[in-house]
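> Letter by letter, the chains look like this.
Number of protein chains: 2
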Amino acid sequence: MIHRNRSSTIADVARLAGVSIATVSRVIKDAISELKFVPRAAARTLASRRTNTIGLIFSEIGGAFFPLLLKGIEAETRSAGYELLIHSTQAAHAQKRRPLGEHNTDGLLVFTSSLEIEELCRLSQINFPLVLMHQTPPDEMNTPVITIENKDGAEMLVSHLIEKHARRRIVYMQGPEGHEDSQWRERGYREALESHGISFDPGLVVSGEFDEEQAFASMRQLLLDGIEFDAVFSGDDDAAIGVYRALKMANRSIPDDVAVVGFDDVQFSRYISPALTTIRAPIEEVGREAVRQLIHLLNGEQAQSLTLMRTELVIRESCGCSPKEVNP
Amino acid sequence: MIHRNRSSTIADVARLAGVSIATVSRVIKDAISELKFVPRAAARTLASRRTNTIGLIFSEIGGAFFPLLLKGIEAETRSAGYELLIHSTQAAHAQKRRPLGEHNTDGLLVFTSSLEIEELCRLSQINFPLVLMHQTPPDEMNTPVITIENKDGAEMLVSHLIEKHARRRIVYMQGPEGHEDSQWRERGYREALESHGISFDPGLVVSGEFDEEQAFASMRQLLLDGIEFDAVFSGDDDAAIGVYRALKMANRSIPDDVAVVGFDDVQFSRYISPALTTIRAPIEEVGREAVRQLIHLLNGEQAQSLTLMRTELVIRESCGCSPKEVNP
DNA sequence: GTATACTATGTAAACGCTTTCTGATAACGC
DNA sequence: GCGTTATCAGAAAGCGTTTACATAGTATAC
Numbered sequence: 033m034i035h036r037n038r039s040s041t042i043a044d045v046a047r048l049a050g051v052s053i054a055t056v057s058r059v060i061k062d063a064i065s066e067l068k069f070v071p072r073a074a075a076r077t078l079a080s081r082r083t084n085t086i087g088l089i090f091s092e093i094g095g096a097f098f099p100l101l102l103k104g105i106e107a108e109t110r111s112a113g114y115e116l117l118i119h120s121t122q123a124a125h126a127q128k129r130r131p132l133g134e135h136n137t138d139g140l141l142v143f144t145s146s147l148e149i150e151e152l153c154r155l156s157q158i159n160f161p162l163v164l165m166h167q168t169p170p171d172e173m174n175t176p177v178i179t180i181e182n183k184d185g186a187e188m189l190v191s192h193l194i195e196k197h198a199r200r201r202i203v204y205m206q207g208p209e210g211h212e213d214s215q216w217r218e219r220g221y222r223e224a225l226e227s228h229g230i231s232f233d234p235g236l237v238v239s240g241e242f243d244e245e246q247a248f249a250s251m252r253q254l255l256l257d258g259i260e261f262d263a264v265f266s267g268d269d270d271a272a273i274g275v276y277r278a279l280k281m282a283n284r285s286i287p288d289d290v291a292v293v294g295f296d297d298v299q300f301s302r303y304i305s306p307a308l309t310t311i312r313a314p315i316e317e318v319g320r321e322a323v324r325q326l327i328h329l330l331n332g333e334q335a336q337s338l339t340l341m342r343t344e345l346v347i348r349e350s351c352g353c354s355p356k357e358v359n360p
Numbered sequence: 033m034i035h036r037n038r039s040s041t042i043a044d045v046a047r048l049a050g051v052s053i054a055t056v057s058r059v060i061k062d063a064i065s066e067l068k069f070v071p072r073a074a075a076r077t078l079a080s081r082r083t084n085t086i087g088l089i090f091s092e093i094g095g096a097f098f099p100l101l102l103k104g105i106e107a108e109t110r111s112a113g114y115e116l117l118i119h120s121t122q123a124a125h126a127q128k129r130r131p132l133g134e135h136n137t138d139g140l141l142v143f144t145s146s147l148e149i150e151e152l153c154r155l156s157q158i159n160f161p162l163v164l165m166h167q168t169p170p171d172e173m174n175t176p177v178i179t180i181e182n183k184d185g186a187e188m189l190v191s192h193l194i195e196k197h198a199r200r201r202i203v204y205m206q207g208p209e210g211h212e213d214s215q216w217r218e219r220g221y222r223e224a225l226e227s228h229g230i231s232f233d234p235g236l237v238v239s240g241e242f243d244e245e246q247a248f249a250s251m252r253q254l255l256l257d258g259i260e261f262d263a264v265f266s267g268d269d270d271a272a273i274g275v276y277r278a279l280k281m282a283n284r285s286i287p288d289d290v291a292v293v294g295f296d297d298v299q300f301s302r303y304i305s306p307a308l309t310t311i312r313a314p315i316e317e318v319g320r321e322a323v324r325q326l327i328h329l330l331n332g333e334q335a336q337s338l339t340l341m342r343t344e345l346v347i348r349e350s351c352g353c354s355p356k357e358v359n360p
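In the order they appear, the protein sequences are chains A and B. At position 182 of the first sequence (counting the first as 1) the number is 214 in my numbering, and the numbers step up by one without a gap. At position 213 of the second sequence (counting the first as 1) the number is 245 in my numbering, and the numbers step up by one without a gap.
Read the hints as simulated data drawn from the structure, not as lab findings. Values in this document were obtained by computation on a predicted structure and should not be read as measured data. Incorrect hints may have been included.
Not close to chain A: a few residues of chain B, all C-beta gaps over 12 Å, as computed [claimed, not checked]:
#1 Thr77
#2 Gln167
#3 His192
#4 His197
#5 Glu223
#6 His228
#7 Gly229
#8 Gln253
#9 Asp288
#10 Leu338
#11 Val346
Here's a subset of chain A near chain B, in silico, CB distances under 7 Å, partners left out [stated by the list, open to error]:
#12 Leu116
#13 Leu117
#14 Ser120
#15 Tyr303
Glycine residues also receive a C-beta, built at the ideal position from the N, C-alpha and C atoms.
Let the sequences and hints guide you as you build the complete structure.
In structure tokens form, the structure reads like this:
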């Protein structure tokens, strides 16, 4: 704020109104618009010990997933009267930068594993308000978590492939190592197989990293290796794009030769060809709910320790269902 | 030679301990990390009169456009050592909320018309560092602007439709009223027509609002009205989706009956069917550059008053070119 | 060996607001 | 009428840093 030239302070307002500074601080009603007075956030923060700001820590802003989450978070944060400071821990995890924390926010929203576990513990220990999204905290930490029904969703999806489309050799394209969403989805996948009497084949689990390119590469390899399969459960929709590309390149028809399903239902999923059958995750709502829980914490109220959002099967064409059954 | 027993400097300690000064210095650092000391941002801000924070004002976080822009902005902001405070002026424009400004940021990035013109002027008058994206400032304001070659892009696109695919009745689906990108694109559209001896028909300009639904509705109407056309230049890629839907519903083949082209080249553009021919706008780079210019301003240096980013024609299938010519 | 320039260190004054405290005045009960 | 309590301004004490200033100590030059 170097460039402010003689902008009015609370003292100016007090003088104009003929009252004390304290009065102005209390009764910030009149005289303010007169001088276009805007309280200096830093001074306020320093005195009141509240930043009035919520921090969001995220890993990758790129994907199709992020805008949905952010939209929910932004809207809810705003309507609660808070500011939003965002921080992405892209690539250089080792960056020296001081992360968001007690010094500049009232509370933190943390997505997946975008924050080192030790920093998480530190914040938790000093009782700093924290809400996790799509990540279970270590046992000793009692931090609210918002996540989605990954297992149920995956199970629905895979069961659909088995029951409606008679698929038996279903590839699971998993996400990044240790990614919780991916682990739960795999569990759902396995349970669906099991409950339909299909034995689990580790050779059908490949790495997709929730990333188009990686998914493409893994799919190519699978095809080159001559592994047989009649369906692919792509860990998320982004990876499904890579799967599509690899299959088309190999002249395998989707869904006739290989049925493909995704997870998340991001914007493009309905537009790709064939339209992707997937699981709709209430991503925006996850964001909103996370903020709500954090606000509870900020107000000293109790927060719900686990919020599990329902997921929903969205049937389109890539599983083998016909376009007619599809609603746009 | 220590005359008195006082005055132990870091060098004395070092000498006495038989280690280097650097070692002693490191000990101090250790003490800091030992106490997990993190300077309070507010106090720092108050004393130094710098927030070390850049503000971003945006209107709609939803679209496919936003993540790209944000990614560039976030990365560059971070690498310059600043924090990022984001604020969206969605829907309720009249919200009482105090916007980002002198009180909590060092400078502001403003996208399109997401900030009222009078607030813009106010900030400009108090010499507050400001950078505009995709929006020309009022004359008296000397604020740096980053924008893209909208006109050139549009002209390339339309010329391609005319020259390569012999289209003559080309619909322009414009963006929101007063949206600068849209205005320039229309100008490019008109110039392309003119330079090919095609007269401009106002009846072929319809409203798409850069929005899928609105584009869908306008397209339906056009079809119902029986207006003849053999191509559609959709103001942006989001709207192109709506155009696709309306045309498919009316059983018009893309690109045989109607060629469709978009603008922006967002993530899904290459995946929809047929793959969308469009203009690649360096959105992420716009974000980066905007931050760079703002940093210049913050450092008291001169900033470039206008940065015009080149756009590039991306030919896919929706214009009528064959898939073979396409690179993935 | 002294004068001078320079550096490191300590001290104290902002920074602009919130909040607690204090005294004065008003309202109230008996 | 007096004493007690509620009400309300104004005064003043922070809030946790930076920074300007003063001071002491050290190196450099003659």
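> Hint numbers the structure violates, sorted upward?
1
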